[in-house]
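Asker: Chain by chain, the residues run as shown.
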Amino acid sequence: MEEKILENRDDLFAFAEFDEHESEHIAAPQYSYWKSVWRTFIKNKFTVAVSILLLVLILFALIQPSISGYSPLIAPNINNSEMRFLKPSAEHIFGTDNVGNEVFDVVWAGARNSIIISFVCTGINMILGILIGALWGFSKKMDKWMLEVYNVISNVPFLLLAMILSYVLGAGMGTLIFVMCVTEWIFVAFFIRTQVMIIRDREYNLASKCLGTSTWTMIKNNILPYLISVIMTYVARMIPSLISYEVFLSYMGLGLGVTKASLGRMISIYTSYMSGYPHLFWIPVTVLAVLSISLYIVGQKLADAADPRTHM
Amino acid sequence: MSTEDREVILSIKHVDVTFETGHKKKLRAVKDANFDIYRGETFALVGESGSGKTTLGRAIMRINPCSAGEILFEGKRISGKISREEDKNVVRNIQMIFQDPAASLNERATIEYCISEGLYNFHLYKDEADRIAKVDRALESVGLLPEHKSRYPHEFSGGQRQRVGIARAMIMDPKLIVADEPISALDVSIRAQVLNLMNRLKAERNLTYLFIAHDLSVVRFIADRIAVIHLGEIVEIAESETLFKYPMHPYTVSLLSTVPMPDPLVEKSRKHIVYDPSQLDQSGEEREMRELRPGHFVFCTSSEYAKYEEKMSRMERELG
Numbered sequence: 000m001e002e003k004i005l006e007n008r009d010d011l012f013a014f015a016e017f018d019e020h021e022s023e024h025i026a027a028p029q030y031s032y033w034k035s036v037w038r039t040f041i042k043n044k045f046t047v048a049v050s051i052l053l054l055v056l057i058l059f060a061l062i063q064p065s066i067s068g069y070s071p072l073i074a075p076n077i078n079n080s081e082m083r084f085l086k087p088s089a090e091h092i093f094g095t096d097n098v099g100n101e102v103f104d105v106v107w108a109g110a111r112n113s114i115i116i117s118f119v120c121t122g123i124n125m126i127l128g129i130l131i132g133a134l135w136g137f138s139k140k141m142d143k144w145m146l147e148v149y150n151v152i153s154n155v156p157f158l159l160l161a162m163i164l165s166y167v168l169g170a171g172m173g174t175l176i177f178v179m180c181v182t183e184w185i186f187v188a189f190f191i192r193t194q195v196m197i198i199r200d201r202e203y204n205l206a207s208k209c210l211g212t213s214t215w216t217m218i219k220n221n222i223l224p225y226l227i228s229v230i231m232t233y234v235a236r237m238i239p240s241l242i243s244y245e246v247f248l249s250y251m252g253l254g255l256g257v258t259k260a261s262l263g264r265m266i267s268i269y270t271s272y273m274s275g276y277p278h279l280f281w282i283p284v285t286v287l288a289v290l291s292i293s294l295y296i297v298g299q300k301l302a303d304a305a306d307p308r309t310h311m
Numbered sequence: 000m001s002t003e004d005r006e007v008i009l010s011i012k013h014v015d016v017t018f019e020t021g022h023k024k025k026l027r028a029v030k031d032a033n034f035d036i037y038r039g040e041t042f043a044l045v046g047e048s049g050s051g052k053t054t055l056g057r058a059i060m061r062i063n064p065c066s067a068g069e070i071l072f073e074g075k076r077i078s079g080k081i082s083r084e085e086d087k088n089v090v091r092n093i094q095m096i097f098q099d100p101a102a103s104l105n106e107r108a109t110i111e112y113c114i115s116e117g118l119y120n121f122h123l124y125k126d127e128a129d130r131i132a133k134v135d136r137a138l139e140s141v142g143l144l145p146e147h148k149s150r151y152p153h154e155f156s157g158g159q160r161q162r163v164g165i166a167r168a169m170i171m172d173p174k175l176i177v178a179d180e181p182i183s184a185l186d187v188s189i190r191a192q193v194l195n196l197m198n199r200l201k202a203e204r205n206l207t208y209l210f211i212a213h214d215l216s217v218v219r220f221i222a223d224r225i226a227v228i229h230l231g232e233i234v235e236i237a238e239s240e241t242l243f244k245y246p247m248h249p250y251t252v253s254l255l256s257t258v259p260m261p262d263p264l265v266e267k268s269r270k271h272i273v274y275d276p277s278q279l280d281q282s283g284e285e286r287e288m289r290e291l292r293p294g295h296f297v298f299c300t301s302s303e304y305a306k307y308e309e310k311m312s313r314m315e316r317e318l319g
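If you read the sequences in order, they're chains A and B. In terms of numbering that gives the first Met the number 0, the first sequence has 105 at position 106, counting the first letter as 1, and numbering is strictly consecutive. In terms of numbering that gives the first Met the number 0, the second sequence has 220 at position 221, counting the first letter as 1, and numbering is strictly consecutive.
Don't take each hint at face value.
[As the list claims (entries may be wrong)] Calculated cross-link-like contacts (lysine to any residue; reagent style SDA-like; alpha-carbon spacing at most 20 Å):
no.	chain 1	residue 1	chain 2	residue 2
1	B	Lys201	B	Arg150
2	A	Lys208	B	Thr53
3	A	Lys143	B	Glu19
4	B	Lys87	A	Thr216
5	A	Lys34	B	Arg61
6	A	Lys208	B	Glu139
7	A	Lys139	B	Thr17
8	A	Lys139	A	Asn78
9	A	Lys143	B	His22
10	A	Lys208	B	Thr20
11	A	Lys143	A	Thr216
12	B	Lys148	A	Trp33
13	A	Lys208	B	Phe121
14	A	Lys140	B	Thr20
Treat the hints as calculated values from the structure; they're not laboratory data. Predicted model, so just to flag it, every value in this text is computed and none were measured.
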């Protein structure tokens, strides 16, 4: 038996040519950053479920108000005492409020304004903050005076500023967006500045400098791609917190005027009916909570998926 | 070839690099460095960790500013403030190869972008097709494949990444390359591959290298001339073989005595010489670079010079 194997040994093995090119070949499939982000994101069933819930909520809030045509100025049932304070039922899904309006319509109209304001403000804050913060992190000269500006602005009480601005400019969507952007961007910029400083002097940035790359190109290609994940985390925290801000300011009477539906003002009005009709208070609060929490969860999961360390 | 008829490509004149390490505290990382690099040679800068060799390399790349002295490239000053035109010229002609190939490539960019970066900055291509052709040629010149363009740096091995770094520098068609410990971070099995590649490219493109290293056996293999730097001071400059044969400065002697020998018996019986600065001339006389033999410079006082002269003559008699 043994001899037989030894006999046939020459047939079993053949010399292979050494191919230098073949040794450089990478067998792994092509890597694509955004595809990997997507794959990591949809891997978790819970994340997918929350994302779908969030998407439905947002679409509902954006579309439903234009179907119902709700406006705080129109109250067709205001003189019909039978239509007031109805409990939730098949006919009135969330019941009716103190002026006989459908709570269902009021909630979605309020949610729509909250979502629009928070998304617009987050967008403005992030764009301003990232652009200024990236330059701030790069320039030592700018750092000196920007730190002083930051110290001054960050020590102005937000509520005070919001009050003054809304009294001076008058309540309304534009004012509210302005109030929530006028100082908020500098916190984003400061955060980005710190992040940029951490990776600014890494060797690949020195290499780019040696190749004559300009600061803007370096920010665009060397710095921001590394910050996608931390920026996502920031956005995930900012959107729900701005929704809460809007609600809080409207609750305080500083937000949207009486002409615009607002979750915050609704909650502040309905608080007085807490003892008799608790659903009036809990329904808008629950919608707000579900919206904020699912936004936060989806944002966090997206931020995690955007971190290439999770791709392997 | 004597030193006179060679053309100086880079000239370092009384260069100091100083770092502020706190309030009014200063660290002179490079002290009064003085040397010339000739076109077409490989000039090595060796020293232990913290001796200032990388700092000097980075001063040439203008990452660290010089606090005194000047650096001339082809006769023109490149240290301090220079015009935009000059800056472009210097960037195109002096390129760097970095120590850590993992850290010196942008992890979020494809190899195509990493290599094209210099081309983009100076618009060194006619159209897209020309740029891609240039990238392909650069990849092939370092033994990589055009199909690697769409890959990301983390997909490559250390040696491949370092070759990407070399291709990135070479695509600019530079005249001088500052190689800052290009093989220290690599696996021993592929060091030779990268060194051979560097030597081949040097011959093909008529390059000049400033090779910064701490590994003396590598330096002996690749360098034409060697400068030994200790605590920011250049203590000895000589042709490679001369330095290994006739080390003069006590620091050079002790540095050479630490080169590991592959034979365990020889290694065991060797005496490692510890550098003792107290054996130098303590009279307080200013040291300067003095030429002991043509092309062999030692940093010393006049009394030390006499001592080295005597030692040199003795060694020449003994070694022939």
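Asker: With reference to the structure, classify each hint as holding or not holding.
Answerer: Each hint, compared with the structure:
1. With a C-alpha separation of about 27 Å, the suggested pairing of Lys201 of chain B with Arg150 of chain B is violated against the 20 Å cut-off.
2. Taking the CA atoms of Lys208 of chain A and Thr53 of chain B, the gap is near 16 Å; set against the 20 Å cutoff, the hint holds.
3. Taken as a hint, the Lys143 of chain A and Glu19 of chain B pair is honoured in the structure, with Cα atoms around 18 Å apart against an allowance of 20 Å.
4. Note on Lys87 of chain B and Thr216 of chain A: the hinted pairing holds, with a Cα-Cα distance of about 16 Å set against a maximum of 20 Å.
5. Between the alpha carbons of Lys34 of chain A and Arg61 of chain B the distance comes to roughly 39 Å, so the proposed pair goes past 20 Å and is violated.
6. Distance check on the hinted pair: Lys208 of chain A and Glu139 of chain B sit about 25 Å apart at the alpha-carbon level, beyond 20 Å; violated.
7. With a CA separation close to 18 Å, the supplied pair Lys139 of chain A and Thr17 of chain B stays within the 20 Å bound.
8. Between the alpha carbons of Lys139 of chain A and Asn78 of chain A the distance comes to roughly 66 Å, so the proposed pair goes past 20 Å and is violated.
9. Restraint check for Lys143 of chain A and His22 of chain B: the C-alpha separation of about 17 Å stays at or below 20 Å, so the hint holds.
10. As the CA atoms of Lys208 of chain A and Thr20 of chain B are separated by approximately 24 Å, the hinted pair breaks the 20 Å bound.
11. Distance restraint check for Lys143 of chain A and Thr216 of chain A: the Cα-Cα separation of roughly 23 Å exceeds the 20 Å cut-off, and the hinted pair is therefore not satisfied.
12. About 18 Å separates the Cα atoms of Lys148 of chain B and Trp33 of chain A, which keeps this hinted pair within 20 Å; it holds.
13. Of the pairs offered as hints, the one joining Lys208 of chain A and Phe121 of chain B holds, with about 13 Å between alpha carbons and a cut-off of 20 Å not exceeded.
14. As the CA atoms of Lys140 of chain A and Thr20 of chain B are separated by approximately 19 Å, the hinted pair is consistent with the 20 Å bound.
The structure does not agree with the numbered hints 1, 5, 6, 8, 10, 11 stated previously, though it agrees with the rest.
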